[in-house]
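Trainee: Use the sequences and the hints to build the structure in full.
Top line first, the protein sequences correspond to chains A and B. The working numbering applies: residue 1 is where the first sequence begins, and numbers increase by one. The working numbering applies: residue 1 is where the second sequence begins, and numbers increase by one.
Some clues are possibly wrong.
[Claimed, not checked] Some chain B residues well away from chain A (every beta-carbon gap over 12 Å; in silico):
# : residue
1 : R162
2 : L170
3 : R239
4 : D240
5 : R337
6 : I341
7 : R396
[What the hints assert, rightly or not] Beta-carbon label-pair distances, calculated as ranges:
#  : chain 1 : residue 1 : chain 2 : residue 2 : range
8  : A       : P200      : B       : K340      : 36 to 46 Å
9  : A       : P300      : B       : P45       : 56 to 66 Å
10 : B       : R186      : A       : G40       : 19 to 29 Å
11 : B       : S47       : A       : T180      : 19 to 29 Å
The hints are simulated quantities; they were obtained by calculation from the structure and are not laboratory data. Just so we're clear, the structure is a prediction, and the values are computed from it rather than from any experiment. Ideal placement from N, C-alpha and C gives every residue a C-beta, glycine not left out.
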Amino acid sequence: MPFGNTHNNFKLNYKVEEEFPDLSKHNNHMAKALTKEIYGKLRDKQTPSGYTLDDVIQTGVDNPGHPFIMTVGCVAGDEESYEVFKDLLDPVISDRHGGYKATDKHKTDLNFENLKGGDDLDPNYVLSSRVRTGRSIKGFTLPPHNSRGERRIIEKLSIEALTSLDGEFKGKYYPLKAMTDAEQEQLIADHFLFDKPVSPLLTCAGMARDWPDARGIWHNDNKTFLVWVNEEDHLRVISMQKGGDMREVFRRFCTGLQRIEEIFKKHNHGFMWNEHLGYILTCPSNLGTGLRGGVHVKLPKLSTHAKFEEILTRLRLQKRGTGGVDTASVGGVFDISNADRLGSSEVYQVQLVVDGVKLMVEMEKKLEKGEAIDSMIPAQK
Amino acid sequence: MANSFTRMMTGRNTAVMLAVGAGSLASGYLLTESAAAAERRRLYPPSADFPDLRKHNNCMAAALTPTIYARLRDKTTPNNWTLDQCIQTGVDNPGHPFIKTVGMVAGDEESYEVFAEIFDPVIKDRHNGYDPRTMKHPTDLDASKITSGMFDEHYVLSSRVRTGRSIRGLSLPPACSRSERREVERVVVMALSGLKGDLSGRYYGLGEMTDREQQQLIDEHFLFDKPVSPLLTAAGMARDWPDARGIWHNNERNFLIWINEEDHTRIISMEKGGNMKRVFERFCRGLKQVEHLIQERGWEFMWNERLGYILTCPSNLGTGLRAGVHIRLPFLAKDPRFKKILENLRLQKRGTGGVDTAATGDTFDISNLDRLGKSEVELVQLVIDGVNYLIECEKRLERGQDIKIPSPIPQFRK
Numbered sequence: 001m002p003f004g005n006t007h008n009n010f011k012l013n014y015k016v017e018e019e020f021p022d023l024s025k026h027n028n029h030m031a032k033a034l035t036k037e038i039y040g041k042l043r044d045k046q047t048p049s050g051y052t053l054d055d056v057i058q059t060g061v062d063n064p065g066h067p068f069i070m071t072v073g074c075v076a077g078d079e080e081s082y083e084v085f086k087d088l089l090d091p092v093i094s095d096r097h098g099g100y101k102a103t104d105k106h107k108t109d110l111n112f113e114n115l116k117g118g119d120d121l122d123p124n125y126v127l128s129s130r131v132r133t134g135r136s137i138k139g140f141t142l143p144p145h146n147s148r149g150e151r152r153i154i155e156k157l158s159i160e161a162l163t164s165l166d167g168e169f170k171g172k173y174y175p176l177k178a179m180t181d182a183e184q185e186q187l188i189a190d191h192f193l194f195d196k197p198v199s200p201l202l203t204c205a206g207m208a209r210d211w212p213d214a215r216g217i218w219h220n221d222n223k224t225f226l227v228w229v230n231e232e233d234h235l236r237v238i239s240m241q242k243g244g245d246m247r248e249v250f251r252r253f254c255t256g257l258q259r260i261e262e263i264f265k266k267h268n269h270g271f272m273w274n275e276h277l278g279y280i281l282t283c284p285s286n287l288g289t290g291l292r293g294g295v296h297v298k299l300p301k302l303s304t305h306a307k308f309e310e311i312l313t314r315l316r317l318q319k320r321g322t323g324g325v326d327t328a329s330v331g332g333v334f335d336i337s338n339a340d341r342l343g344s345s346e347v348y349q350v351q352l353v354v355d356g357v358k359l360m361v362e363m364e365k366k367l368e369k370g371e372a373i374d375s376m377i378p379a380q381k
Numbered sequence: 001m002a003n004s005f006t007r008m009m010t011g012r013n014t015a016v017m018l019a020v021g022a023g024s025l026a027s028g029y030l031l032t033e034s035a036a037a038a039e040r041r042r043l044y045p046p047s048a049d050f051p052d053l054r055k056h057n058n059c060m061a062a063a064l065t066p067t068i069y070a071r072l073r074d075k076t077t078p079n080n081w082t083l084d085q086c087i088q089t090g091v092d093n094p095g096h097p098f099i100k101t102v103g104m105v106a107g108d109e110e111s112y113e114v115f116a117e118i119f120d121p122v123i124k125d126r127h128n129g130y131d132p133r134t135m136k137h138p139t140d141l142d143a144s145k146i147t148s149g150m151f152d153e154h155y156v157l158s159s160r161v162r163t164g165r166s167i168r169g170l171s172l173p174p175a176c177s178r179s180e181r182r183e184v185e186r187v188v189v190m191a192l193s194g195l196k197g198d199l200s201g202r203y204y205g206l207g208e209m210t211d212r213e214q215q216q217l218i219d220e221h222f223l224f225d226k227p228v229s230p231l232l233t234a235a236g237m238a239r240d241w242p243d244a245r246g247i248w249h250n251n252e253r254n255f256l257i258w259i260n261e262e263d264h265t266r267i268i269s270m271e272k273g274g275n276m277k278r279v280f281e282r283f284c285r286g287l288k289q290v291e292h293l294i295q296e297r298g299w300e301f302m303w304n305e306r307l308g309y310i311l312t313c314p315s316n317l318g319t320g321l322r323a324g325v326h327i328r329l330p331f332l333a334k335d336p337r338f339k340k341i342l343e344n345l346r347l348q349k350r351g352t353g354g355v356d357t358a359a360t361g362d363t364f365d366i367s368n369l370d371r372l373g374k375s376e377v378e379l380v381q382l383v384i385d386g387v388n389y390l391i392e393c394e395k396r397l398e399r400g401q402d403i404k405i406p407s408p409i410p411q412f413r414k
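Mentor: Below, the structure is given as structure tokens:
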């Protein structure tokens, strides 16, 4: 249920030019891709659940973006959005995901044994390791669009699935609206708690509606496996631990995901996936694997090196501050993770992180000794 | 005099006629009553979608029952606006234990009718028992009836009257599409360009103004900003900002119109000093002229005799009028009876930054509490009489004399 009268049939009486958004000051993928022709072709369409083109683009219209940061500027309201509005979303996807074509196929590989190494990142530099992804439950609309009834069933199914896990995955669910103060403080101290979105990128897409109804956090007793329910996606799944054993983090990630998926499938509600786009998520930027695997790593010298950005680009990695997206680095510690999501598998993307971080730590050590690193700079991956 | 050409340009009649025909055209394009929609209704009965309002303190939460929700959930206005869209802002903003917000908005004129079962009790709650089913709202914009409208300027720093007007046939800010919003801008700006004499002025589109113009408008306290209050953003009123938003003011800078902020139009008459009568006179004159100018082109304001002028928020129905002053009351500010005096006079105090701001020092924004059930003339007279009483109290306290709490002004609560 979007807000704004995107179901207003009377607007069809106005010409395309009269309804077309003013994108002259905008810098996002949607604004680049949307033409009057595409708008005219799609504006009277809706998905079976009633999501319209204006719903898809509202967040991009409301958030012109930044000259330096290219946001996506559109969201899906359901699985069918990616089909009904493909004339807009295909070029957005292609632009965001390195030229990915409408005919390309995406490979899924959650077999952690295919990962080489990854258990020996130097803990003197690599402070923590983390892998996250998202999953959408088939048969329900997505957070920008879903009704309270749908969101509550997603929560119910998630609780059933998660509380049935055992062994290393035995844990507990904390619904946002029924948390005690003590529970809340603990979750904040563990850096597990998510807040009502304040980013206008999310609020303008309707993702904060009815907060905190049917939102919650589940984590295992060991505090190494965490699931967010009904935040920006139906599920966000996170595996993490201190230190540099990315291999173990990835093992737990894959194992946990597969267990959860089995339970959802038993209820005839598997995950949204297709062989072209991989896992279907709310934001086109998270299609494919939806995976962000990364570390918090100390690179005070390398980060000030003239070639730092170039090295990251060649390794297909990106840097963020330790507060996550849109934050700055503190004390030379960076969040380094894979830049790609679509067009390569989970194993491949985590391998890039493992190999790339290993190399950068070697570079950091060289720079500490006052040596040059030019010979170590890799070719473009 | 409008000719047929101008009528075509911004002619409301054409839009209405097309809209009537659109129903049959649209069903060819869109899956309106599809099998998918019917299936969803079966899977999700109203009880599945009923919001959790247990922590809420707003008029909507107090009035909405599962029964009402069940009856209204699947209804739509002719614009396809739904109950869930009306109440979203109230679900998302539980409110404050001390401040009872309204918690719902209208998407169009028909919302108040289609969803009357929830709007009526909310209106009753907010407007002191006013019952839209049985009562009529009086409209009176004859400023000549005002008496004693000149305040002691030792106390009163400025005087102001504001209201809102909606253009019939176009959706309201929570619901409007970009083309509708641009139509509102076109219709109103064209009408305003017809104002003459002391009312003639110019328009500044929010997206097109120069930095210098912007700074000037800020310095004069004319400029409005993109809404940040979650009460407004959760209702979708900030969509597409700053598209088709703007400010018009006359050359004398005492008559000002906001376009496409929280309502289609907000009309403000103001000036420094205490001449409330002149402020209201200009207000009425300007409003009547604007109405005449849009009528020439086949448009009119949303109004009916049950609810008066139709605006986005139910709290602004009736007159939509807030008449007030900025006034210094250093003695009264410290008197414990101040609150009760205001209450009995049907006045409210705000900080000089407007709604939800705190008063700094001894200067207050004092205005009428009520909007619906009393006419514009009645309300402005009430403010004038009330402010004069407050000034009397202040003078008495200055002289060390005692003051009296006045008897409460009668309401129509049943």
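Trainee: Take the hints in turn and mark each one as holding or not.
Mentor: For each hint, the structure was consulted:
no. : hint                        : verdict
1   : R162                        : 26 Å, holds
2   : L170                        : 9 Å, violated
3   : R239                        : 5 Å, violated
4   : D240                        : 5 Å, violated
5   : R337                        : 39 Å, holds
6   : I341                        : 40 Å, holds
7   : R396                        : 49 Å, holds
8   : A:P200 x B:K340: 36 to 46 Å : 43 Å, holds
9   : A:P300 x B:P45: 56 to 66 Å  : 59 Å, holds
10  : B:R186 x A:G40: 19 to 29 Å  : 21 Å, holds
11  : B:S47 x A:T180: 19 to 29 Å  : 28 Å, holds
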